[in-house]
Amino acid sequence: MSSVLVNAPRSARRGDVIEIKTLILHPMESGFRAGANGTLIPRDIIERFTCAYNGVEVFRLALSPAIAANPFIAFSTVATETGTLVLRWTGDNGFAVEETLSIAVE
Amino acid sequence: MTSRRDVLKATAMAAGAALAPRLATAQASGARVIVVGGGFAGATCARWLKRLDARLSVTLVEANDTFIACPFSNGVIAGLRTLEQQRFGYAALGREGVALIFSAATAIDPGGRSVTLADGQRLACDRLVLAPGIAINWGALPGYTPQAAERLPHAWQAGAQTLLLRRQLEAMPDGGVVIMSAPANPFRCPPGPYERASLIAHYLKANKPKSKLILLDAKDAFSKQRLFQSAWTTLYPGLIEWVGLSAGGKVTSVDAASSTLITDFARHTAAVANVIPPQKAARIAELAGVADRTGWCPVEPMSFESTLQPGVHVIGDAAIMGAMPKSAFAANAQAKVCAAAIIARLGGRTPPEPRLINTCYSLVAPDYGISIAGVYRPANGRLADIPGAGGVSPLDADGAVRAQEAQLAEGWFRTITAEVFG
Chain F
1 MSSVLVNAPR
11 SARRGDVIEI
21 KTLILHPMES
31 GFRAGANGTL
41 IPRDIIERFT
51 CAYNGVEVFR
61 LALSPAIAAN
71 PFIAFSTVAT
81 ETGTLVLRWT
91 GDNGFAVEET
101 LSIAVE
Chain P
1001 MTSRRDVLKA
1011 TAMAAGAALA
1021 PRLATAQASG
1031 ARVIVVGGGF
1041 AGATCARWLK
1051 RLDARLSVTL
1061 VEANDTFIAC
1071 PFSNGVIAGL
1081 RTLEQQRFGY
1091 AALGREGVAL
1101 IFSAATAIDP
1111 GGRSVTLADG
1121 QRLACDRLVL
1131 APGIAINWGA
1141 LPGYTPQAAE
1151 RLPHAWQAGA
1161 QTLLLRRQLE
1171 AMPDGGVVIM
1181 SAPANPFRCP
1191 PGPYERASLI
1201 AHYLKANKPK
1211 SKLILLDAKD
1221 AFSKQRLFQS
1231 AWTTLYPGLI
1241 EWVGLSAGGK
1251 VTSVDAASST
1261 LITDFARHTA
1271 AVANVIPPQK
1281 AARIAELAGV
1291 ADRTGWCPVE
1301 PMSFESTLQP
1311 GVHVIGDAAI
1321 MGAMPKSAFA
1331 ANAQAKVCAA
1341 AIIARLGGRT
1351 PPEPRLINTC
1361 YSLVAPDYGI
1371 SIAGVYRPAN
1381 GRLADIPGAG
1391 GVSPLDADGA
1401 VRAQEAQLAE
1411 GWFRTITAEV
1421 FG
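Residue numbers (the numbering used here), protein chains in the order written: chain F, 1 to 106; chain P, 1001 to 1422.
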C-alpha cells in the first residue's frame, strides 16, 4: 500500500475551482512525549507541504507538533492550464515524499 | 481554575441539599421515581429500585410494550437466530410492582420534577432516571436520511432494520460485494461492527462464496482488533477487507440511490450496504437538557446524576461514562449503581463509591467466541478503567477455547436477559 492517498480531478474546465485531498501515513511524533524509560521521544514530524502547479507554488502549509498522525490535507486551487501538480511533503530526519498528478484543462 | 463543570457541580450539590428535607418527607410515604426507557439500563434500574426499597413508587415509561435486544441481533442478520429470540416483555417487572406505562415521553421538566407523555398527561416524580438509549445522528453523515436507511439499513437499533439487512443479504446474488461502514467513537457497542462483519462473512462463505465484504472504518483501531483480525485470517481469508481511517476508510457521504458509500478518496458501490452511522443520545435527552454539544449526556460517576440537570440521572448508552463502553452489560451495571445511589440519596445517605464491571462477548463464527472485560471506578469526575482488573481473550488460544467462549456468550445472553426481563 502506498503511504499517500490523493484525490484530485484528472480534468477540469479553465477557471474551475478544484479540490485536492491528501492523506499521508506519518507518526507526527511531537517530541514532547516521554518513552518507556522516561526520556523524550525525539521529534519526528512533517514540517512542510507544498503544491506546485506547473512549477508555480499554489499552496503551502507549515505543520506543527500539535498535528495528529497521518495528516489529512485538503485545499483548493483554480484550474488554469493543462499540466502537472507536484505535491511534496518534507520534514524531520530527511523525510521527503513527492507525488505528481496530471490534469487536463480545456 | 474553576471550570464550568465545577460550577455546575456546586450548583447541583446546593440544589440537592435544598431538596433533601422535602425528599426525606416524600420517602416516608414512598418517594416516586420515574424511569424513562425500558432497555437494559432502564428496565434493570426500575426493577432494582423496587427490589431495594419496596416502598418506592416506581414507574417505567417506555414507548414499546416489547423490547428487541441488540446483543446477538448480528446473529439474526447472519441467519443464525430469529428476531423472536431477541424479543422480551415487561410482565415480570409488572409482577414485581413496577408500574408500566407504554407511551413515549415527550417532555421533561427542568430538575426532573415531571414527565409529559405523548397524550399530554404529566407524571410528577421526586427523582427521574433517563435511559433512552441512542438516536441515529441524522445530518452527521451527508446523504444518510431516514429514507436512505430504508435502502442502506443501519440495523443499529434492533427490529425492522435488522430484518431488512437480513433480507437484502439473502436476496443478494453470489459475487455481490457487501460494504459496511463503522463510525468514529463513541457509539453503541464498540465491537459490534466487527462481530457483524464476521457473521456476515460466515453467511457469505457458506452461501455466497464469490462475494466479499469491505468494512470502511472512520477509526484506525477498534475493540478486540487483534483477535478479530487474527480470526478473519483463519476463518475468512480474503473475504473481509478492513479499510481504516489512515487508508481512507472514513465514509464522508452516501448516495442511497446508487448504494454508494463515498470517502475522501474513493466511491464504493455495494450490492448490499450497511451504514452504521454516527449516533447521539436519544431525543428526549436533548429535550430534557441533559445532552451536551457532543450529543451525549455528561454525568457524575457516583450516581450518574446529570452534571447539566440536577435531579435527573442518565444511564446506559445515552450517557458519557468515561472509559466504560456503551454495552448492555455496562448499562445493566450502571442501572444497579444508580438505583442504589437514588435510594441512598432519598434516605439522606451518601452513596458508596461504586465499582462497575463490563463484559462483552463477540462471535466471529457460531463456534468461535472472543471476549473482553473491564472494571471501572470513579476517578477525577469520570469512570476510569482499573488497570490490570479486566482482560481479553488470549490471542493464541486453540479452537476448543474459542468454542467454549461461544458457549459462554450464549450463557451471557440468557443470563442478562433473564435478569433484566425474566
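Mixed in with the good hints there might be a few duds.
As the list claims (entries may be wrong) - Okay, derived cross-link-like pairs now, EDC-like style, lysine to aspartate or glutamate, Cα gap no bigger than 20 Å in a straight line: (1) P:1219 - F:29; (2) P:1210 - P:1241; (3) F:21 - P:1220.
It should be emphasised that the hints constitute simulated quantities derived from the structure, not laboratory data.
*Take the C-alpha atoms of residue 21 of chain F and residue 1220 of chain P, compute the straight-line distance between them, and say whether it is at most 20 Å.*
holds (19 Å)
*Does the structure keep residue 1219 of chain P and residue 29 of chain F at a Cα separation of 20 Å or less?*
At roughly 19 Å apart (the allowed maximum being 20 Å), residue 29 of chain F and residue 1219 of chain P satisfy the hint.
*Mind checking the alpha carbons of residue 1210 of chain P and residue 1241 of chain P for me, to see if they're no more than 20 Å apart?*
The hint holds at about 14 Å.
Checked against the numbered hints listed earlier, the structure breaks none of them; every hint is satisfied.
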